[in-house]
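Undergrad: Line order of the protein sequences matches chains A and B. With the first letter of the first sequence counted as 1, position 11 gets the number 11 in the working numbering; the numbers rise by one all the way through. With the first letter of the second sequence counted as 1, position 376 gets the number 376 in the working numbering; the numbers rise by one all the way through.
Worth flagging that the hints you see were computed from the coordinates, not collected in a lab. Being a predicted model, the structure only gives us computed values, none of them experimental. Don't take each hint at face value.
25 Å max Cα-Cα, derived SDA-like pairs, lysine to any residue [unchecked claim]: (1) A:K133 x B:D239; (2) B:K146 x B:E69; (3) B:K211 x A:P100; (4) A:K83 x B:T238; (5) B:K197 x B:A135; (6) A:K192 x B:R165; (7) B:K211 x B:P44; (8) A:K129 x A:T73; (9) A:K167 x A:S79; (10) A:K83 x B:Q128; (11) B:K218 x B:A342; (12) B:K243 x A:N182; (13) B:K359 x B:A342; (14) B:K234 x B:M256; (15) B:K197 x B:Q128; (16) B:K218 x A:K129; (17) B:K151 x B:K335; (18) B:K211 x A:K167; (19) A:K133 x B:K263; (20) B:K335 x B:L245; (21) A:K83 x B:H16; (22) A:K83 x B:Q216; (23) B:K218 x A:G169.
A short, non-exhaustive set of chain A residues, derived as facing chain B with CB atoms under 7 Å [unchecked claim]: (24) Q72; (25) T73; (26) G91; (27) L98; (28) Y164.
Computed, partial: chain B to chain A, Cβ under 8 Å [as the list claims (entries may be wrong)]: (29) Q128; (30) N168; (31) A184; (32) D185; (33) L219; (34) E222; (35) D248; (36) Y309.
Just so it is clear, CB atoms sit at the ideal spot from N, CA and C, and this is done for glycine as well.
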Amino acid sequence: MGCGYSLPDRDSRQLGRPNSENGGGQDAKNLRVKLVLLGDSGVGKSCIVLRFVRGQFDPTSKVTVGASFLSQTIALQDSTTVKFEIWDTAGQERYAALAPLYYRGAAVAVIVYDITSPESFSKAQYWVKELQKHGSPDIVMALVGNKADLHEKREVAVQDGMDYAEKNGMFFIETSAKTADNINELFEEIAKRLPRPVIT
Amino acid sequence: MEGSTSRSTSFHGFLHRMRHPSSIDLVRAIKSFIVSFSFYQPKPENDGKRVQDFFLSMEVAIRNHPLWETATEEDIDCAMEGLEKYIMTKLFSRTFTTSLEDSKIDQEISEKISLLQTFLKPEHLDIQPVLHNEASWLLAEKELQKMNAFKAPQEKLSSIMNCCRVINNLLLNAAMSEHVPAGADDFLPVLIYVTIKANPPNLHSNLKFIKLYRRQTKLISEAEYYFTNLVSSKTFITDLNAKSLSMDETKFEECMQAAKLAKKVTNELHSTSQMKQQEKNESNFSNKMHNKLDARVFHVLQQGSNYPYMEAKSKDLAMEDVEILLHQYKDLVVKYTILCKAINCLSVSEKEPLLLQLKMQGVDTHTNDQTNSHRDISQ
Chain A
1 MGCGYSLPDR
11 DSRQLGRPNS
21 ENGGGQDAKN
31 LRVKLVLLGD
41 SGVGKSCIVL
51 RFVRGQFDPT
61 SKVTVGASFL
71 SQTIALQDST
81 TVKFEIWDTA
91 GQERYAALAP
101 LYYRGAAVAV
111 IVYDITSPES
121 FSKAQYWVKE
131 LQKHGSPDIV
141 MALVGNKADL
151 HEKREVAVQD
161 GMDYAEKNGM
171 FFIETSAKTA
181 DNINELFEEI
191 AKRLPRPVIT
Chain B
1 MEGSTSRSTS
11 FHGFLHRMRH
21 PSSIDLVRAI
31 KSFIVSFSFY
41 QPKPENDGKR
51 VQDFFLSMEV
61 AIRNHPLWET
71 ATEEDIDCAM
81 EGLEKYIMTK
91 LFSRTFTTSL
101 EDSKIDQEIS
111 EKISLLQTFL
121 KPEHLDIQPV
131 LHNEASWLLA
141 EKELQKMNAF
151 KAPQEKLSSI
161 MNCCRVINNL
171 LLNAAMSEHV
181 PAGADDFLPV
191 LIYVTIKANP
201 PNLHSNLKFI
211 KLYRRQTKLI
221 SEAEYYFTNL
231 VSSKTFITDL
241 NAKSLSMDET
251 KFEECMQAAK
261 LAKKVTNELH
271 STSQMKQQEK
281 NESNFSNKMH
291 NKLDARVFHV
301 LQQGSNYPYM
311 EAKSKDLAME
321 DVEILLHQYK
331 DLVVKYTILC
341 KAINCLSVSE
351 KEPLLLQLKM
361 QGVDTHTNDQ
371 TNSHRDISQ
């Protein structure tokens, strides 16, 4: 399956990027945040990220080793910036037991399912439960129904996703990595929900 | 990550500055820290903490030092990289695999991998055909195998990064030509496969060493992500069982069994031929036979056979040989039966490498017709 586009586009929108790769970069105005992506294989986890960092994804970049780890900084209205460090995980069932190695220490978990696949929705619920049990207690969780462009094949109702998210105190959104619908909104909303370090 | 050239110049730069007379206080601190290590018994977790604390205190000292007064962040970082490399090279033998437990884990992983290597195919991990690329895999394997040769944590970590970079290039090329997204769904299976093919020496100990001794401010972000992937790969291999692969469970067990047997036979041949050599030297076993057939027996031993009666004639045999012969006969039949059973469970494509391996190890394989005809086909 594809992302709806094959090549990262270098010419589009460039967002500000902090100049220093090393160092914590953790001050009140500039947050560095570990975000882990969970969800069945094939739901489009990596497509969402590629879409989000698209303007920045440069295959010749020295810094970026590959597409399973990407970072992107967004500027918020209150002139703070949030640098997301996005950790993709392998969604196949056989690697499920390895997930704790990846979500350990993550401030954000984005759990993705495919609106055309009820199995992937069940799998998403499994991840929510797992994170509630073993994730860090103040982790920000978002439930994402991807492939929203495929209306005619929809098998998971919007309401089902919404209800489940609400019951579990999560943020919910439906996205389409293919049309870029709601991709930026997803990350902006997450950034707003992050606990802010106390300014001293 | 910097390339090795800039790293080595930064290391020389570090040494150069340390030779400057005004660095004497820093040099003293470094030397006394290294010496202080010999006062205690190795204890990995404590040692890791002590080294990390020392790095932090030295960073403060360097930042406040006149020699680095006008230094940029990059200069400070170079100095710290030089310091890490210097300290960890000096303390290497004291900090790398200090416990018996760690070497046992290393050995277990390595043995398990050597069994898996005999039958595991990319399909078993559902690696997409477009990512089947022996040349890229080999390159990635070589990078991973280098990890054990380096002493500095930064260089070990760099081997991991290079291995992952090769895999990612492969993924990126596939993404460009085949429109496949190249995320972790594709990356991790290839890394696991490459790890199995590479069987990197002391895998567990190297990962532990990097975790404990790589400067903490450097094991973050991308480096931490790829490091975690190798830890993940190691964990997967350690826990790997019949349910972990896209492979029939019974078939998996049979393959593991066959691999273990092949290994056992090889080991036994090795040890018995050594034993025979020893027995021969001590002349306490079938004296007559060895004396009479010395040259020929030696020839057989050279070939790795543990059946010294192979070329004996009946008139050479004495009553006391009967017991040994009977014992060896039973042993032979048992081994032969198990081996045939195991080999017959394999498909033709799987038999070939196994038989080739046995042959190279010195086992005579022309014992049944099936093997003979098989060999003819392959020629």
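Undergrad: Decide, hint by hint, whether the structure agrees.
TA: Cross-check of the supplied hints:
Between the alpha carbons of K133 of chain A and D239 of chain B the distance comes to roughly 22 Å, so the proposed pair stays at or under 25 Å and holds. Distance check on the hinted pair: K146 of chain B and E69 of chain B sit about 37 Å apart at the alpha-carbon level, beyond 25 Å; violated. Pair hint K211 of chain B plus P100 of chain A holds up; C-alpha atoms about 17 Å apart against a cutoff of 25 Å. Of the supplied pair hints, the one linking K83 of chain A and T238 of chain B is violated, its CA atoms being roughly 35 Å apart against a limit of 25 Å.
Between K197 of chain B and A135 of chain B the CA atoms are separated by roughly 13 Å; this keeps the pair inside 25 Å, and the hint holds. For the suggested pair K192 of chain A and R165 of chain B, the alpha carbons sit about 34 Å apart, so the restraint of at most 25 Å is broken. For the suggested pair K211 of chain B and P44 of chain B, the alpha carbons sit about 11 Å apart, so the restraint of at most 25 Å is met. Restraint check for K129 of chain A and T73 of chain A: the C-alpha separation of about 29 Å exceeds 25 Å, so the hint is violated.
Distance check on the hinted pair: K167 of chain A and S79 of chain A sit about 33 Å apart at the alpha-carbon level, beyond 25 Å; violated. Of the supplied pair hints, the one linking K83 of chain A and Q128 of chain B is violated, its CA atoms being roughly 32 Å apart against a limit of 25 Å. For the hint pairing K218 of chain B with A342 of chain B, the CA-to-CA distance comes to about 49 Å; that exceeds 25 Å, so the pair is violated. For the proposed pair K243 of chain B and N182 of chain A, the alpha carbon gap of about 38 Å is over 25 Å, so the pair is violated.
Pair hint K359 of chain B plus A342 of chain B holds up; C-alpha atoms about 16 Å apart against a cutoff of 25 Å. For the proposed pair K234 of chain B and M256 of chain B, the alpha carbon gap of about 18 Å is at most 25 Å, so the pair holds. Under the criterion of a C-alpha separation no larger than 25 Å, the hint pairing K197 of chain B with Q128 of chain B is consistent with the structure, at around 17 Å. The straight-line distance between the Cα atoms of K218 of chain B and K129 of chain A is roughly 32 Å, outside the 25 Å bound, and the hint therefore fails.
A distance of roughly 44 Å separates the Cα atoms of K151 of chain B and K335 of chain B; the hinted pair therefore is violated under the 25 Å criterion. Distance check on the hinted pair: K211 of chain B and K167 of chain A sit about 39 Å apart at the alpha-carbon level, beyond 25 Å; violated. Between the alpha carbons of K133 of chain A and K263 of chain B the distance comes to roughly 43 Å, so the proposed pair goes past 25 Å and is violated. Of the supplied pair hints, the one linking K335 of chain B and L245 of chain B is violated, its CA atoms being roughly 29 Å apart against a limit of 25 Å.
Restraint check: the Cα-Cα separation between K83 of chain A and H16 of chain B comes to about 37 Å, which exceeds 25 Å; the hinted pair is violated. With a CA separation close to 19 Å, the supplied pair K83 of chain A and Q216 of chain B stays within the 25 Å bound. Between K218 of chain B and G169 of chain A, the direct Cα distance comes to roughly 35 Å. Violation of the 25 Å bound is thereby established for this hinted pair. The restraint placing Q72 of chain A at the interface with chain B is violated, with a minimum CB-CB distance near 13 Å, outside the 7 Å limit.
Proximity of T73 of chain A to chain B is violated relative to the hint, the smallest CB-CB distance being about 13 Å (cut-off 7 Å). Against a cut-off of 7 Å between C-beta atoms, the interface hint on G91 of chain A holds, since the closest Cβ of chain B lies about 6 Å away. Given hint, L98 of chain A at the interface with chain B, holds; its Cβ is 5 Å from that chain's nearest Cβ, closer than 7 Å. At a threshold of 7 Å, the smallest CB-CB gap from Y164 of chain A to chain B is about 24 Å, leaving the interface hint violated.
Residue-level restraint check for Q128 of chain B is violated (minimum Cβ-Cβ distance to chain A is 11 Å; threshold 8 Å). Here the hint on N168 of chain B is kept, as its CB sits about 3 Å from the closest CB of chain A, short of 8 Å. Taking 8 Å as the C-beta contact cut-off toward chain A, the hint placing A184 of chain B at the interface holds, the least distance being around 4 Å. For D185 of chain B, the shortest C-beta to C-beta distance to chain A is roughly 4 Å, which falls under 8 Å, so the interface hint holds.
Violation of the interface hint for L219 of chain B is found here, the shortest Cβ-Cβ separation to chain A being roughly 11 Å, above the 8 Å cut-off. For E222 of chain B, the shortest C-beta to C-beta distance to chain A is roughly 5 Å, which falls under 8 Å, so the interface hint holds. With a cut of 8 Å, the hint placing D248 of chain B at the interface with chain A is violated, because the nearest CB-to-CB distance is about 15 Å. Given hint, Y309 of chain B at the interface with chain A, is violated; its Cβ is 51 Å from that chain's nearest Cβ, farther than 8 Å.
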